[in-house]
Amino acid sequence: MTEAHLFVIGLLLAWMAGIRAYLTVFGVGLAGLLGWVELPPALQATQSWWVLGTSGALALAEFFADKIPGVDSVWDLLQTLARVPAGAFLAAAALSPDGQLGAGALAVGAGAALTSHALKSGARALLNTSPEPASNWAASVAEDTLVVGGLALAMAHPWIALVVVVGSSLLGALLVWWIWRTLARGVRRLFAPAGDRADASPT
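Residue numbering for the sequence shown follows the numbering used here, beginning at 32 and increasing consecutively.
These are calculated hints, taken from the structure and not from any lab test. Be careful, since some hints might not be right.
[Said to hold, decoys possible] Now the in silico label distances, taken between C-beta atoms and shown as ranges: (1) 111 <-> 216: 25 to 33 Å; (2) 220 <-> 88: 22 to 30 Å; (3) 75 <-> 221: 49 to 57 Å; (4) 188 <-> 220: 43 to 51 Å; (5) 146 <-> 176: 16 to 24 Å.
Just so we're clear, the structure is a prediction, and the values are computed from it rather than from any experiment. Every residue, glycine too, gets a C-beta built ideally from N, C-alpha and C.
Put together the whole structure using the sequences plus the hints.
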């Protein structure tokens with residue numbers, strides 16, 4: 032595997048860790064344990080039963096916590112302490128042929144994880160302003176699907192996975208912008224003088 036492929040895989044793992052850190056670690060470890068991929072030395076620790084058991088249990092807890100409006104935002108806030116370091120480690124470990132984690136790769140991984148984490152948390156916080164839970168559940172299931180599918184695709188076709196991740200991120204950013212714009216417009220209308228509200232109302 033070329034250095035470019037390894038870089039893309041490391042970047043993808045870091046990005047997905049910013050969305051689902053425990054599921055990403057569990058998926059990487061399971062893939063290595065079952066022999067689906069040959070993990071670099073620094074990533075082989077994820078194959079241990081202790082890491083698999085812990086990350087699997089936490090991934091299951093996150094699966095349910097992420098489906099509850101309000102709870103998901105609190106969970107996201109707490110998981111900043113896990114997702115960014117996990118993303119940094121996964122990116123650096125993927126790029127480490129000798130098990131030594133480079134500072135540059137750690138910084139790139141932390142940046143990718145922080146970006147996806149901020150995008151996910153911001154989108155979910157805005158969705159929680161809606162009184163119905165359906166949009167929250169749909170977003171959570173979409174994130175689960177993106178990470179599981181992204182992991183599988185990253186191992187087999189990293190460049191295609193990169194295109195999918197970048198496309199999904201752009202769509203997510205557009206969604207956040209659209210929701211924020213709609214909410215801001217509604218707030219301005221709510222606090223506008225009565226005459227302005229009457230003028231703005233359709234006749």
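Structure-based check of all given hints:
no.: 1; hint: 111 <-> 216: 25 to 33 Å; verdict: holds (30 Å)
no.: 2; hint: 220 <-> 88: 22 to 30 Å; verdict: violated (46 Å)
no.: 3; hint: 75 <-> 221: 49 to 57 Å; verdict: holds (56 Å)
no.: 4; hint: 188 <-> 220: 43 to 51 Å; verdict: holds (47 Å)
no.: 5; hint: 146 <-> 176: 16 to 24 Å; verdict: holds (20 Å)
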